[in-house]
Amino acid sequence: MLWYKAWLDTRWPFLIGLAILVVLACGNVFEYPTTARLLPLADTLPHGTGIVGRAIDEAIQTQRDYRGFIWWQWVRQNFTQTWTLFAVLLGSGGLLVSGSKGALFTAALPASRKQLLGIRAGACMIELLVLAVVPSLLIWLLSPAVGESYSLTTALVHASCMFLAGVVFYSFAVLMSTTFHDMWRPALVTCLVAIGIGVVETVVRQMGGYGVFAVMRAETYFRSGALPWGGLLVTIAISASLFYAALLNFVQLDL
Amino acid sequence: MSDPVVIETADLSKAYDASTEALRGLTLQVPSGSIYGFLGKNGAGKTTTIKTLLGMVKPTGGIARVFGLDATNPQASVAIRQRAAFVSEDKDLIDSMTVDEIARFTASFFPTWRADLAQQYRQTFDLRPAQSVKQLSRGARTKLALLLALCRGAELLILDEPTSGLDPAAAEEVLQVLVRHVATEPLTIFFASHQLSEVDQIADHVGIIDRGRMAVAGALDDLRAQFRRIQVVFDGAAPTPAFRTAAVKRVRREGRVLTILTSADADAVVAEARALNPVAIDVAPVTLKDIFLESVNAEA
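Protein sequence lines correspond, in order, to chains A and B. Start counting the first sequence at 1; every next residue gets the next number (our numbering). Start counting the second sequence at 1001; every next residue gets the next number (our numbering).
Please note that the accuracy of each hint is not assured.
To be verified - List time: in silico DSS-like cross-link candidates among lysine-lysine, alpha-carbon distance up to 27 Å:
# : chain 1 : residue 1 : chain 2 : residue 2
1 : B       : Lys1249   : B       : Lys1289
2 : B       : Lys1058   : B       : Lys1041
3 : A       : Lys101    : B       : Lys1249
4 : B       : Lys1041   : B       : Lys1289
5 : B       : Lys1289   : A       : Lys101
6 : A       : Lys114    : B       : Lys1058
7 : B       : Lys1134   : A       : Lys101
8 : B       : Lys1041   : B       : Lys1249
9 : A       : Lys114    : A       : Lys101
Stated by the list, open to error - Using C-beta positions, here's what the derived DEER-type ranges look like:
#  : chain 1 : residue 1 : chain 2 : residue 2 : range
10 : B       : Arg1114   : A       : Ser151    : 56 to 66 Å
11 : A       : Ala237    : B       : Gly1061   : 30 to 40 Å
12 : B       : Ser1137   : A       : Ser151    : 56 to 66 Å
13 : A       : Ser151    : B       : Pro1111   : 44 to 54 Å
14 : B       : Asp1011   : A       : Ala237    : 37 to 47 Å
15 : A       : Val251    : B       : Pro1186   : 55 to 65 Å
16 : B       : Pro1186   : A       : Gly118    : 28 to 38 Å
17 : B       : Gln1119   : A       : Val251    : 30 to 40 Å
18 : B       : Asp1222   : A       : Arg185    : 28 to 38 Å
19 : A       : Gly198    : B       : Arg1114   : 27 to 37 Å
20 : A       : Arg185    : B       : Ser1137   : 48 to 58 Å
21 : B       : Pro1111   : A       : Arg185    : 57 to 67 Å
Claimed, not checked - Interface residues of chain B toward chain A, partial, derived using beta-carbon atoms under 10 Å:
#  : residue
22 : Ala1010
23 : Lys1014
24 : Val1057
25 : Val1078
26 : Ala1084
27 : Val1133
28 : Leu1223
Calculated from the structure, these hints are not laboratory results. Yeah, the Cβ is synthetic: ideal placement off N, Cα and C, and Gly gets one too.
For reference, chain B alone in the conformation it holds in the complex (with noise of 0.2 Å):
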């Protein structure tokens, strides 16, 4: 885990067909050693991104890069492969194995395979060996990919979904499990995910994607420090103003009221929102909910 940067990519584009363009020049940097929450809506291309990364994805333009590898380069992606490990939404397995086969199929790729872990995850889940994976419920199969990602001593874990079709419990399991397993192993994890809450429990960086491109991107503590949501109350109907502030992500202004989303410099916003003497000025603090909502519902 030498390299600052596990994933990068810079400028990525694909396009499915001339109608279905799924990203839109991805900028993006998952430092190593991060848990890295990639947030976005659906269809806004985070499973793209993921299959890009592992190689099974072309990229029609831009950069991909997982451990300073090309990820586009089929025989780089494989050496990619063999340091990351995946689990996709869907929880795909191999349904005609058994809970041991499974495993043992996939020790077999990975010299650096737990088998001690594999061991206690088996118990800690409850997994019988002999059962058929064909037969294991939606919580037995997210345990179960788990357990194949998280022993094969893998860098780099990429999570999609993780925590869909659970419930409430069964996700904060999951969620728990990786919290775990990150403090005692060096480990990178990059996870897609819609679920807010998830995020803002166990991620330390996050990466807010729109309609294929990097809304927001930075440490969770840095944007929670850095953005602020600032009100301004006019007499009569609010202005239309253009703000000098680079860091202005988004104004809005419904009726006597103005409502700014900034990520930096909120003192110099708020000078500039004086200077259309207001009748009041309320700085405040933003969630994460708040940051992706107003970067999502952006207009294009």
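The shape of chain A in the complex, shown without the other chains (with noise of 0.2 Å):
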């Protein structure tokens, strides 16, 4: 029955975002045929300079294409930005909430606190395993409707990608949830370091492969076809560690 509570404490944030992440899928797809009539268009464009217009270049030339226009608008943009940041809601709050409703009742239940955390934790990660893969198959599914074909295997790499590094954030926001306990401010310092994270893997390009976000993103897959296993090992220590750091806290903590 905990998980039942876990369900019924977790199901607004996620059923949003699972709402918001179908919408944009689908909106991404029903955007190509725009995109890719619009295209030609740019070739008449003058070649940018500077960050700015070799991102410009970069944006138009990975386009080109339906898995490329996929990767760019989906995966890099909507479905990383969108998916971190229920991530991050989903991490933040929960029984240490001040004040939240249910929380001296659970905690007086014979169950352990590294239970109670660990549930609660394992029904999130169910519902982010839901918002990646969900919206990635629509896209797959999708695809046939403008006369595009997007393969089942992409779908599952980018969702897999997106899951198993982005947890990352969702761990950051629990460690935070134990520290401060209000819903707010674990959510703001956790996307804070998100912004810092993106800033960084922006402005320093050689992070590559390595990057959390280009690891979500699958960019080494993308390109070379080559799976991030390096920055999936690399994230999927550091969300374990984050996570185990959080359990630490939980234990020791007064309610």
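Bring the two chains, given one by one in their own frames, into a single complex with the hints.
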């Protein structure tokens, strides 16, 4: 029944996140014909210089085919940003939110703190996996509707990398929640950290395959077909360490 | 319920930070089968004591045992919570559930859950199964919290201000349910309160906590039988004597009158007072309210 309580506690951020991701996934697929029509016009533009110019060039070059368009618009931007936001929201708060309804009632049940945190994390992991897989499958399913095809393997690889690497933000939010006992400070701090990492990764492109967002986007897989195994292992190890630290914190806390 | 003492603390202390000492060497013993009223002013340390006993707060020193198990040990505290029920002051419940859901949720943790009793209390308390917990009134929340506590087959019921926020009729109903329940089920009740009338009404043992320390503890009948207020009146200003009798709890000097509160040996105190050549000595029994007020208003 603790699983059921975890579901009740997390269902709204999960369902809202799922709805937004589904809408974005559909939107990206059905936006492709328009983009494909407009792309030839981009060739008439002069080549850009500087960071912004190079970025625009890269965007145009990458989106010349459907797979590139989906990676650039969906995987690289909408999917990564939205999924990360909901990973942060699901990790923030929980049993420790000051004055949260049910915290004392739950803490007085014959369940250990490890069990309480573990089951909530388990429920959130399943929800995050669904948030990664369902919209990815939609891309695969809906692509024929715009006269394109998108490989199921590619969809699942991107969903897996998003989930496995992105869990690092969930774990960080959980750790912050065992430090700040409200909903918003853990979310805010984790979002700021994510934005910081994103900026650093954009500026330092050499991080390539090993930046968290680069691994979440499976950039090496998109560009060369190579799975980012090293990056995945590193991010999984960091996630596990962060969650373990959160667990140690939680076990020691006064409620 | 084979242990003679269900709850036992010795020299228990808890400091939340350098300036907030909630418990300062609390020593407490709750006999098995008793209804123990744990009295204290707001901020005296009642809730911290309860949370420590349930493993929710880690003490900074001392011993806390429930059913002979170390409440500070995480594994043991799970075993304690398996045999104890807790109703918090705010009647904290899971608002996202319905009455029926929270009953099934709670029952899933307790193999000793009494479905028959749950059904009976649900009818007595007029709680509808499909009703959302969030929409319950304060009184209905208290009744539901009590139902969930009473039906799990617990050996120990810990209540933190069980009637806070209730009107007198609802408070009385809650107390009567507790009394009736304890008459039919083997149960120890430990309830924190600052409602003296409630404690006087249903408790057979009391402990008065003041600034994190136990000021007075014992069987209520014993306290009533042993505590005396002795008023000694003098011709002129009352002296400031040092009484040798250890049972003297407090001496107050106001003009010509010396008021002494003693927890025992009233005769010995009277004999000492006579040696001061008073014009009159009056010995009177005291109420729980007197004991409480004298205990918590004493100088630190």
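Structure-inconsistent hints, enumerated in ascending order: 3, 5, 15, 18, 19, 20, 21, 22 and 28
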